[in-house]
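Visitor: Please construct the entire structure, taking both the sequences and the accompanying hints into account.
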Amino acid sequence: MLLGEFFTSCVLIKGGYRALPQSLRLPLMMSVLKEFESALENTKLVFEKSFLGFLESSQFVFGFFDEIAQSQVRIQDIPLADTYGDYDNHLALLQKIYEAYLQKLEQYKLYDRLILPPDAEICVNEAFIKGFKSIDLYIEGMLTAYEQKILAQIAQITPIKVHFDFDEHCSPLSFVDLKALHCRPNHRYTLEFPSMEIIQEKPLPPLARIEAYHFSLAISQVALIFAKIEQWLQQGVQEEDIVVILPDEGFIKYLALFDKARNLNYAMGTELSESKPYKILCDYLEKLQDSQDASPLPQNLSEWIASLLESVSQEKYSKELESIYHLIFEWENFRVGFEGYTQVQMLELLLEELQAVRLDDVVGGKIRVIGVLESRGFRFKKAVIVDFNEDKIPKIQDSDIFLNSSIRKLLKMPTMRDKESLQKHYYYGIFRNADEVAIAYVENENMHQSMMLEELRDKTQVDLKNGDSLYALLPQGGQTHPYQEDRFFGILPSTLSPSGLKVLLECRRKYYLKYLQNLAPQASEDNAFMGNLVHQCLYDVYRHFIGKKGLDAQVLKTQAWQWLETMSCQSALHKVQIELLKLELERFFDIDAPVNNDIEILALEQECEVKIGDFCFRGRIDRIQKSGQILQVIDYKYKNHFSLEDKPKKMSDFALNIYARSISALFPQYAHLEIQMQYWDIKGGEIHNEVQGKDEELLKNLSALQGEIEFYPCENRSICRYCDFVEICNRD
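Residue numbers (our numbering): 1 to 732.
Read the hints as simulated data drawn from the structure, not as lab findings. Incorrect hints may have been included.
DSS-like mimics (lysine-lysine), calculated; alpha carbons at most 27 angstroms apart, straight line [unchecked claim]:
hint, residue 1, residue 2
1, Lys639, Lys582
2, Lys381, Lys202
3, Lys694, Lys637
4, Lys694, Lys611
5, Lys366, Lys253
6, Lys260, Lys161
7, Lys316, Lys557
8, Lys260, Lys319
9, Lys683, Lys700
10, Lys647, Lys611
11, Lys557, Lys611
12, Lys161, Lys424
13, Lys316, Lys287
14, Lys202, Lys557
15, Lys683, Lys694
16, Lys626, Lys650
17, Lys161, Lys412
18, Lys694, Lys626
Guide: And the structure:
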């Protein structure tokens, strides 16, 4: 559990108040800021006199309000000494905005994080806390005054141990006199709380080996990322032990542009603002702005947005559209006042909110792309950090500058220096966590390296290199050379899968790229959907007959229809495909049941493992059944044109032959029975027996794959037609 989640679970808000949904925060604040339009302009707390200016101001206001709430400070308690001329006017206006915002929250019986209406009361959730015999807190940052207060109350109920790293850049426990406890920098500590007794002390790991590369363009840093990943993978580093760290999440757009094989996993999600639906809304907004259109907002907001996005594919952009419509639904359902809004203003508000939306990355690889905050608590061996520039490391928010350091010290709030040190603390955690770190930064007339890099050079060896000369993202000018075929050699892993063997026998180069280099392409969504659906449906239907004799076609159909009706379809295409599948299954059940009235299903989706020659094969058998004195091993096929492999040189699918060899171990009581291997062609409505003689071909092929082999491209170029690696092999 993350620390923020823990503190949220540890408290209750009394008074019948509900938490303000994140999606309603901006609209609610905008309704308040519009009431103070002239005052904001006069005090110059808006960046420009426009609706967009108010949107930008809202981010500053939220940052300021959140920080004083966390620090348990009231605006009226902020001293006016050592301030600029308009400071007192600004504070007075912020106080009025704050009070108006509290009134809005009270009106809807809501609380916004720690911004609470006067009648809302925080109390400790004793029932939740008593569920723990003891609590271990791993602190990677600074505890706020609010968190310190709650922690003291929790400690009266349940014993607490606090774990933290203490270095020259950050003392996480600002409320503890670590000097009095004789805590030493660069050590890891465990304390009893609140007695502050030191339970454990040990030195922090040394800094990693660091290389720093400078580039003239931000996008050029991508070349270093992929080069380092390839280098580390070749050295045997596991994908899970490699991370790419982004100080600015906007860098994702560069990575996504070149990560065609989706080997990276974006832990923070992908930006909705880079999607087609978002850009359509942007284009329409520009059109309205160019024509100076001041049309009022349509009465039905959701219908209006849907009409703007009607050209967007529901299937391809289902997640993006779902996020947009969910946001609109919450706005309409909550009835936040949009009276007086023009279409331009509504689109500006919507686009501002959507910029913060991230879509879960469910198809990425195992190499994680994370932000600096997400790196806390992660364990990894290799890391690439990009954008190591002075404007990003450390990075200061506008709200951090509003209260100067003198005032912050008086109020016991973190100063700007404290916040900069905390960010450095996070980066030193990365350098101590990994054994090798590659840093990339942009160096040109407008951008320069972070001063932290010089600080690192004083502490450890940092090799500085010219990234532009070592890693070229795009083809460089100069002499061109004719294409030369790469040659790759290696030894196969001792454990294979039947599907992996099929790829290997069809094209060794494809196997090398997909399985050894892990350049797994993104699977077709439609193919994956229907393939998985068929197997899941057949499993659910036939599992009721395991261990029983005889099948009933009508029962099979009824159960299949009921199961398919429970499926939620993401698109109209999926609905059509499911209706077609019903017809195909109806025909197939009529074929299966009469023929197999004497059969007994022994297993479905059965895991198996068998050793053949020098290789161990692991797989999953779709179905195993006993029919009289014959054991049938069945492989479901759901493709448009299924045909048996009857030519030895073109044989590549040996799944049934491999599965058949595992049967004696799975069902030793039936080892004396004849084994029959069958393909069930669902689309074609036919049952095919496997071709005789494939066992001999399997052994021949495995014999040829022993020892070191070359992973050359296939000779049959028809296989390349739909291959995802056709461009890599220069066969497009």
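Visitor: With reference to the structure, classify each hint as holding or not holding.
Guide: Evaluated hints:
{"no.": "1", "hint": "Lys639 / Lys582", "in the structure": "holds (15 angstroms)"}
{"no.": "2", "hint": "Lys381 / Lys202", "in the structure": "holds (20 angstroms)"}
{"no.": "3", "hint": "Lys694 / Lys637", "in the structure": "holds (19 angstroms)"}
{"no.": "4", "hint": "Lys694 / Lys611", "in the structure": "holds (17 angstroms)"}
{"no.": "5", "hint": "Lys366 / Lys253", "in the structure": "holds (19 angstroms)"}
{"no.": "6", "hint": "Lys260 / Lys161", "in the structure": "violated (46 angstroms)"}
{"no.": "7", "hint": "Lys316 / Lys557", "in the structure": "violated (31 angstroms)"}
{"no.": "8", "hint": "Lys260 / Lys319", "in the structure": "holds (20 angstroms)"}
{"no.": "9", "hint": "Lys683 / Lys700", "in the structure": "violated (32 angstroms)"}
{"no.": "10", "hint": "Lys647 / Lys611", "in the structure": "holds (25 angstroms)"}
{"no.": "11", "hint": "Lys557 / Lys611", "in the structure": "violated (38 angstroms)"}
{"no.": "12", "hint": "Lys161 / Lys424", "in the structure": "holds (25 angstroms)"}
{"no.": "13", "hint": "Lys316 / Lys287", "in the structure": "holds (25 angstroms)"}
{"no.": "14", "hint": "Lys202 / Lys557", "in the structure": "violated (66 angstroms)"}
{"no.": "15", "hint": "Lys683 / Lys694", "in the structure": "holds (25 angstroms)"}
{"no.": "16", "hint": "Lys626 / Lys650", "in the structure": "violated (31 angstroms)"}
{"no.": "17", "hint": "Lys161 / Lys412", "in the structure": "holds (25 angstroms)"}
{"no.": "18", "hint": "Lys694 / Lys626", "in the structure": "holds (22 angstroms)"}
Hints 6, 7, 9, 11, 14 and 16 from the earlier list are contradicted by this structure; the remaining hints agree with it.
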